Each structure stands twice: as C-alpha cells, then as structure tokens.
Amino acid sequence: MSTILKAVHFKETALVIASAMGLKVTVEDSKCIQANAFLQAGIFQEFLIKEEQVTFKINLTVLLECLNIFGSSSTPGSTTALRMCYAGYGSPLVLMLEEGGVLTNCSIKTQEPDETLDFNFCSTNVINKIIMKSECLKEAFNELDMTSEILQILMSPDKPYFRLSTFGNAGSTHSDFPKESDMVEAFNCTQTQTNRYKVSLLKPSVKALSSSVRVSIRTDNRGFLSLQFMIKNEDGQVCFVEYYCAPDEDMEEDYDS
Amino acid sequence: MRFRGKLMDIECIQHFTRVVSTVSKLAKTCTLKIDRSNVYFILPGSVVSGDISIWCELPQCHIFTEFNMEGLSEDADEIFLELTPENIVKAMKSARNAKWVKMKLTNKHIPCITFEVELPSLTNLPRTVIHDVPVCVIPRRSWAEFQEPKLTDFDISIYMPPLKVVKNIVDRMKHLGNFVMLSVNRNGEMTLKVETDLVSVSTHFYNLTCPNSRSWSKDPSVTRTPTQSRHQIKSVEVRVNIQKLAQFVSSQQVVPQKVVCNIHANRTVHFLLLHNDVTLQYFLPVVSM
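So the protein lines, in turn, are chains A and B.
The numbering of the first sequence is the working numbering, which starts it at 1 and goes up by one.
The numbering of the second sequence is the working numbering, which starts it at 258 and goes up by one.
Source of the hints: derived by calculation from the structure; they are not laboratory data.
Keep in mind it's a predicted model, so treat the numbers as computed, not measured.
Treat the hints with caution; some may be incorrect.
Stated by the list, open to error - Each computed DSSO-like pair below joins lysine-lysine, with the alpha-carbon atoms no more than 27 Å apart:
hint : chain 1 : residue 1 : chain 2 : residue 2
1    : B       : K424      : A       : K109
2    : A       : K11       : B       : K421
3    : A       : K6        : B       : K421
4    : A       : K6        : B       : K424
5    : A       : K109      : B       : K431
Work the whole structure out from these sequences, hints included.
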C-alpha cells in the first residue's frame, strides 16, 4: 500500500475519500496538477464502510512514516499486518500494525477536507492516446533536463508519432518513440498535438512511473494531459495511479489538425 | 609513558575495528584508557547537563598478541588519551586484510598513536601503511572524571528486543517527534511512544525477559541486599531524546549477545551490551516533562 501512496506523495497533505469502491487518495499542487491513487476495496482482506462516502484531509508524510514503521525493506518471510479505522468526522485515523509479534498503534489527526479540482477530463474529448510499457519511458523521464522549464509533448498520427522535448541550458533534447516499437502496446492518435507542461509539476509523476509496469498517455482537446499508471503491488494485485496536468499557459500552441 | 601493541590475528583486527566503529558512531571524541589488563573507550557525560555517557571495555589480551605498556608512574599505571575514534577507524580500514598491525604511542611534533599496517604483497618487498592518529594526553589531575560510573539502584531491568527491529522503529519515529517515552513493566512488556499534536504512535514489544537482580551486573560478585533492591516497582515510564536513542540502536555492527536495559526513573536509562568479551555501557539521561 505504501508503494501506491509514495507514488503520489509530492505534497505534505492529501485528501482521502472512502467509498464502497475503496479508497481514493488525492494530492494537488498549484491548481495545475492532480494525482490520484486508487486502492480498490478488493485489495483489502476486509473493507467495511458505514456511510456512502467519507472524506478527510490527512498529513500524507506522517501516514507513510506510520505505514513503514517496521522499516521500508521487508525481510524475507516476514509480513506486516495492517488495520485502519476511521470513526467519522473529527476522529483521527487509527492504524494498527503488527510484525513478528511487535504491535504498533498510530493515531493520526485528520483535518477538514478541501475542495479538489475537477479537471473535467473525459474520454470523449480525448484526441490522442498511447499505451506503452513503462520501461522505456522511465529512462526518458529520469534523464529529463531539469534546466528546462518545460516539457513539450508531441503526439501525432504521423512521424515522429510521439516525441518528448526539453529546452535547457545545454540545448534541446528530443526523445522519439515510434509507434511500431515493441514498447508501444496501443497507439491511437487522431491529430497532431504539441503541448507544453512545466517540468517541475510533472517531475513527481516519475515516482509513479518507476513503480509502474504500464502507462497510458492521453491528451484532450484543451491540451490537458492524463497519465495513468498501472502498479503491481507485492501481492501481485493491480492498482492505478493517475496524474492530470494542465498545459503551461504562457506558451500555448495552436492545435493543428 | 609507553604503549605498544601488535595485532596479528585477522579476527582480532576485525574485532577491534568493529568495536572502534561502534564507538565512533556514538561519540565524535572520546577518551582511550589503557591499563595492564584492558583497553577502554570512555565518554564521561554529565547526567545533570543532559549528556550521554559511554563506557566500553575490552580485555587487551583478546586483541593484542604482543602488548606492552607503562603508565604515567608506578602508582598511576594507566594512560589516558583524548582522541577522535573515527581516525582510528580510518587507520584500521587499511588493515582489512593486513598481516599484522602495530599500535604505538609516539611523539611526532604532537603525541600520536601510530598505526603501522603490513599488507600482503605480490612481490617480495613488504607493503606498509602508516597512520598517525593525533591524541591529547590527559593530565593526572583530570583522571577522576574518567572513573567507571557506578551502577546505581535501578528501578527496573529488562532484556532488549532485537536491536534491528528497534532501530527500524526508532528511525521512523525520529521523523515524527523529538522525544520518545520508553516504558517497561515486569510482565516483559516494553513500549516506545511518540506523541505530538498531529500524531501519536506507540509500539509494544511483548514477552521480553527480565534479568534477575545479579545477572545484569557484569561483575558477578556484586550482590544486592533486599533493602537495596526496588523490586516492588511494577513499571517505569521515562522520556528520552529520540536522536540519542536512535544513535545507540543504530551503532551496532554485529548482533550482540545480550543487551540489558536498566532504568532509573528520573535519572538515566542504562544500556549494557555484552558481546563476547566486550562490554559497552551507554547512559542516556532522562528528560523531564
């Protein structure tokens, strides 16, 4: 569970929404980027919720420290058991962890939930979509030129198909991913689009990318970017983390057809 | 004042290196005391001022194949040197595969302990590395500061759970607060608790054993009269600085045979670590609320 939460941990606080479907943990920054981690009810051995939906804000840094209280690397043969309880509005989030006969109780204060942004990203407005294996994208993202303020993403039905570009102090870098590559699982681009995003906002998504096996990259008619990461946890269960990012306003390009 | 010792067994060399590494993790500078039978690493902290103190003792015959020392005078047959243990660790790093290591008290402009390390060589010519570790000779008038701390009446004693587990937990708790409450009771339960405005985390260890009144003292001749012991106390809770506790639990290079935790409520938490022939005592002052 902490792998999934670490993938969205780029700010101190997170919003937790619990429903019958499971938990959704949301982190936002600068009103331009939003990350959501989905922990579906199925990954828990037991998941009980009395109300339709329960929402609270919590310090994600503290939550992750508590989840990893027995150490972040698990010794072979030992498993940590976790139980989480929330008694309702105003109550703390209570965690009970056990490993090797040692028991830890944590009580984390919760706060008034904030409004989250609705990026209004719906599949009907998706112009371009690529699904690929995370491996090759990991290399590209790890080598992103941090002296460049923006990351430019080009997606097109024509060559170069998918190109990541940065413009830094040393010069410009372009990484091309052809659609015929083994790494590309699905390629669905209808229009040539070039969009620019602030590198500083996208950098946190690298954490999610490095834990993931597969990623889907989509842009809509406004140039908003949606990255969806498929992460497999230690038990082999699949969870999703998604990032929404608004394009950089200073240099908006026209959407050519 | 003279001192020379030769370490010839690779296991002794590694053993000595491990002990000094542990000490270097606990203190930046400390005092090395040498007498006819033992070698000591001492940090005399004052409980009143809230400092930790350390007393580490190992028999010289278990390290040195050849050993020769002459103290300050006949009636003060000891040597006290102030030094930085990290410097010894660096010198001993060259000795990982050494054939032998010679340690000698020398005077090279300033007093030093000179480490001469003979390394294995592919040719017939010997390969030697020499390290000079500067030391400060402590005058006789200050020796009283470096006496072995008396093990006072403790309220409660318990054998610690595996330090590795404690280390993981304390390392995480370090990020949540500055102080940790340590509670121990006679049912073999120990609790570590961090509490701040935002979060409260408590970890409980069960089924720990309590040493009987004699076994925690490393001197088997120490006996306790019923009036002295405070066995009536069922449980104790003290507050200590978490960084200093973390420092102790993270310092061990090997899994020690025995780690006893003795608590004197309102005063100190005393950790006594026994491993083979080495005893390490770490005194952690209790912080009042």
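Report task. Any hints from earlier that this structure breaks? Give me their numbers in increasing order, please. Result -> Failing hint: just 2.
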